[in-house]
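Line by line, the protein sequences give chains A and B.
Those letters in the first sequence? Residues 219 to 469, by the working numbering.
Those letters in the second sequence? Residues 19 to 481, by the working numbering.
Just so you know, these hints were derived from the structure itself, not from any lab.
Don't take every hint at face value.
[What the hints assert, rightly or not] Partner residues are not named here, just some residues of chain A that face chain B (Cβ under 8 Å, in silico):
| hint | residue |
| --- | --- |
| 1 | Ser259 |
| 2 | Ala266 |
| 3 | Phe271 |
| 4 | Leu286 |
| 5 | Pro290 |
| 6 | Ala294 |
| 7 | Arg295 |
| 8 | Ile308 |
| 9 | Pro309 |
| 10 | Val311 |
| 11 | Val314 |
| 12 | Ser320 |
| 13 | Gln376 |
All C-beta atoms, glycine included, are put in the ideal place defined by N, C-alpha and C.
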Amino acid sequence: MLSIKNLHAKIEDKEILRGIDLNVKPGEVHAIMGPNGSGKSTLASVLAGNEMFEVSEGEVLFNDKDILDMAPEDRAREGLFLSFQYPVEIPGVSMVNFLRTSLNELRKYRREKPFSASEFLKIMREKKNLVEIDSNLTNRSVNEGFSGGEKKKNEIFQMAMLEPKLSILDETDSGLDIDALRVVANGVNKLKRPDNATVLITHYQRLLEYIVPDYVHVLYHGRIVKTGGKELAHELEANGYDWIKKEFEDQ
Amino acid sequence: MDNVIKNIIGKDISIGELFEEYRSQIEEHSSEVLNSFRGEAFDTFQETGIPSNKVENYKYTNLQPFFKGDFKFSIAPGKSEQNVEDVFSCDVDTLDTYTLYVVNGWYYPLNDLEGLPAGVRIGSLAQLSKDDPAFFKKYYGKRVPYLSDGIAAMNTMFAQDGFVIHIPKGVVVEKPIQIVNILMSEESLMATQRNLIVMEENSEAKVMVCDHTLSTDKFVMNSVTEGHIARDARLDFYNLQNQHNATTQVAGFYFEQHENSLVSTNNLTLHAGVARNNIELKLAGEHAEGRAYGLYLLDKNQHVDNFSYIDHAVAECFSDELFKGVLDDYSTGAFTGKIMVRPDAQKTNAYQSNNNLLLTNDAKINTKPQLEIYADDVKCSHGATVGQLDEDAMFYLRTRGINKEEATILLMYAFAYEVIEKIKVKPLREQIRGLVEQRFRGELDKCHSCVVCGQKGTEITCL
Ligand SMILES: Nc1ncnc2c1ncn2[C@@H]1O[C@H](COP(=O)(O)OP(=O)(O)OP(=O)(O)O)[C@@H](O)[C@H]1O
Ligand SMILES: [Mg+2]
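Just chain B, same shape as in the assembly (with noise of 0.2 Å):
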């Protein structure tokens, strides 16, 4: 089976001509509740396109050219897919996980997940859709956005593969799973992930995911997350992007949030090259407690684009955002906070934060509190703030004998604190503590290191 697919402009080939020659050949491999859903994806994307900077919600990113130019389109699993144990081999691990590989957006088919509570399921989104078609029409795509968002849209119309994870009622799983998402390649790579997770009534779970790139070609990552949380289910759910600067990803994170639910959602942009994170929480179930919270560290060209949206669609809720950024050199970052407080969703309580550290004149940060109150009776709060490092703070180290790279490491790991200090799960938090301090130090190799596992790939050189 051939499943290099053209290049889109070499033969020009736009997005949608792509998906219309091989419709066919992804309907082929994949499940039925999947395909069910392509054709109106593929007319929401025929009109909207990839986002420009003049659709509103990527106003600070404009989408368009990084979805331009030769790239391979990863239709079906190919060989490098297949042998991943190669380059990857996390047994330095130091975190006790279940942890599972999903590479270029296909579920890598070697993974081993012994020990799994009884009726906890993990595994492929293209397996478990055709296994199971009952539970995935129950879930799948029902939170996402495909009918008005182009990006949602296209991830709709290729979607065929990803990761899957349902903890069953009153299930409580210990040991953080852990999904290891790398990309790697012998050619520039659009890659097409969707992930489902499903926690019924009282269960509980945490999941980390971190996001690698394992060769230095370019890739263009589309990535959906769905979530539903039923009610008093807890989710804590964590992701670490560690990709190259020539590495364009998009990842959606839709959770739909019942009664007394609690979500928590961390996520720490390590390194990227161009990254777009949509985060929805919908909070509709009453006592539901949504948490939002982001770490990005950006240097060079690197740009981040966190787009938040805290849904509360009924009376009683609560939610909390806390994004912090420290930008370098001429790197670009963008928050948008959108809080929607529907009429019915009285007694809310809604804060919201944007912290930015800016290094240099020439980095910039845009951010933007996008508040729509329906409801009176409401608590909600936010702020923001630009600002460079204390110069008190820096002269108050100095005079005790530290440097003056030191004492920034010092300051921005300081400011970058309160961010880690939410990661509730131990041995992640000081492994990410650490990490962060590498990544101040510029120790941390961008490029390759394995962020939760800390192994190491190939040298090569950052752009």
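Only chain A is shown next, with the shape it has when bound in the complex (with noise of 0.2 Å):
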């Protein structure tokens, strides 16, 4: 489904992604971890297309698909998703345009019909439940002035609107309460299906709880340097990464 090789990225010449090798399988659930400033989030925004950051070299299949020529928009019309680690307050666009504007759109690019105002607010409906987000978030503006756990749960109410085929949800666990946390995982593990693949950037053992991975990977200093199946992350949890930056360091 995801196939990364060699993947380079820099922003304003600084190279922040160095050479990352990733493949993401249907059905599977893939957790990355590492510090802070490691290069997670880069990883995530130049995989969604922003434009921001150059790529110099490597190649991203997506369903077979180059999509490092991509616009934005084609990447999440093919069925990618982000759920930022810092969602954007977009005061004076509602969320209810803007997230038919975005169904719509999708189904466009796959040439069904768009939703009418009533399919789409039944569909809201539902979704609103799966995610159990407040009904007022829906009748403002997009996550202006939400908290940071309601724009956590927003993002992850869009990802069910949208029913991408790989969602990266990065450190969509932080800022949540213990309940919220439930909650979110909750709707991850219903939206999972063997056709979709999950990748989650975390710093937390406690989401790989709700959410089991199939495999951890470690990012440090722009390359995947570590890979292992969900007890690296219990061994992260109580041992820090220092560890893995000394064996890093040795190499």
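Each of the two chains sits in its own frame; use the hints to bring them together as a complex.
Spelled out as structure tokens, the structure:
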């Protein structure tokens, strides 16, 4: 589904991704962990098509299509979804208008009929229940004045609406209270299907108890330096990153 | 009667000479009150002329080149001004309003204003100034700076017609009063319009003025609207401008507010050629509240200059200003926010902000707060911003499958909405919301659609 080979990316001549290799197959859950500033969000951003970063080397295939030359909107239409670490507030753009435009754009791309207002509202109601998002939030502008946790829930709500093939969740767990974490994790699990996949970027083992990963990767200094099963997350939780950094430097 | 005036340049006749040549004809058809101002206005105009950018208040818009060239000058109503209904019938009206037309500055004689509340007078300036000279003597010209401003002086020299709205004491006019100003001609035209609004104590009205061009000819419009708002009166005033690129409009709005009155103006420029708005609110009675809002959406070679002047003449008044602009292509704009707080105006609250969104590197905006504060117990704040579209928001929208063009429209709209939210008349707000969106989508018929009623004229391409 997703195949990343030797991906290098830089911003203002500063190289941040230094050769990432990663393969994600349908039905899999991958967790990416790693110290602050190691490049996790950059990887997510580059995959989603942020033009601020320059890809200097490497290849990314998504469903066998080279996506590096695709506009962000086309990647989304192909089924890629990014849950932002810091969702952007967009005052003046209503949630409903935003979601409806978004959903219908995706449908248009798949040559499906746009949803009518009532169909759309029905789906929105369903998905709202799924992520237990407060009704008032969808009457407001996109993320405007949302609390940290509400913003994260809103990302999962959008994911539920758009039903992507591959979801990259960038620290969706941070800032969530315990109940919200469970709700979000449940949401992700309910949306899980044999033909879609999830990449979870997280700092905490806790999320991985709810959403059990098939693989755990450690990103350090712009590279995936270690890959293991879910027990790797436990090890990291217990011992931190020093031993990995040391291993890396010894190489 | 010959109502066609020579070309100003073709015959090398200056505006001053033109006035001298036609003064007797103008005066013959006008009321005494209007005539009594012409002499002094002319003296002023002879000194000032049309303002160039050397005049401080017109620094960002040199009007002189626009008042030159081959023009017919509208000295008396012509034929086309009498057949509006043929080209412009407003039957798709979704807004329930009292609607009246003014064509090339002339009050349309067949306006039908049935059902107005008792005592309310809406009519032609030419007519009412003849019918009720005492009323006119009391108000006409009292707030207009015809002794200092060249454009106001020129307007006062040539003033003959326009609309009058008079709301008597205690009367609330529920339905909005809609004035559709139309420019249409078979040749380039320079026209004058003079309006008067008088709101007596504790009265209330909503007035929307909607400016259109219905033919592709070059137009120059010099329009002045004077308003006297008595104590406890409330006026909501909207000006929607939708004129083609070959139009130059200088519009002065001069409102004087008394104790505890509330005036809110909103100048919405959806499309224009060269537009200059002079928006003056004089807060002359304690606890008066003046709100001046504006939105300008420009592209191509359009130019809009909003000059606002809030005069806090007495204590305990409140003013709030918000002007926002979206500038595309190589359009240019200017905003000046003059706030005067006179020595006695203690406990003044005055807020101002001007925000601009530039969509290209060629678009330009000049923004200038101009605060003159002579009292010490004053709360005053002002801020101006010039920015581009928010890249992060753009990326966010695009990651949701929304393409760049659509995301740009959403963000432009999001930028503009704050001003639209200020529109209190809900159906009007909805209508304008739709129009602004159409405008951003490039779907608004810039030349012809009647902003408020959606009526379209003949097919003519824009410049
Ligand atoms: N716009 C930018 N300009 C300059 N440097 C940037 C920019 N964005 C990211 N960086 C740098 O790239 C590096 C990687 O940042 P990134 O946000 O990908 O880290 P992260 O692994 O997500 O960290 P965290 O765990 O704190 O979220 C950091 O050193 C960061 O300062
Ligand atoms: Mg990050």
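A quick look at each hint next to the structure:
no. : hint   : in the structure
1   : Ser259 : violated (13 Å)
2   : Ala266 : holds (5 Å)
3   : Phe271 : violated (11 Å)
4   : Leu286 : violated (15 Å)
5   : Pro290 : holds (4 Å)
6   : Ala294 : holds (4 Å)
7   : Arg295 : holds (5 Å)
8   : Ile308 : holds (5 Å)
9   : Pro309 : holds (6 Å)
10  : Val311 : holds (5 Å)
11  : Val314 : violated (12 Å)
12  : Ser320 : holds (4 Å)
13  : Gln376 : holds (7 Å)
The structure is inconsistent with the numbered hints 1, 3, 4, 11, although it conforms to all the rest.
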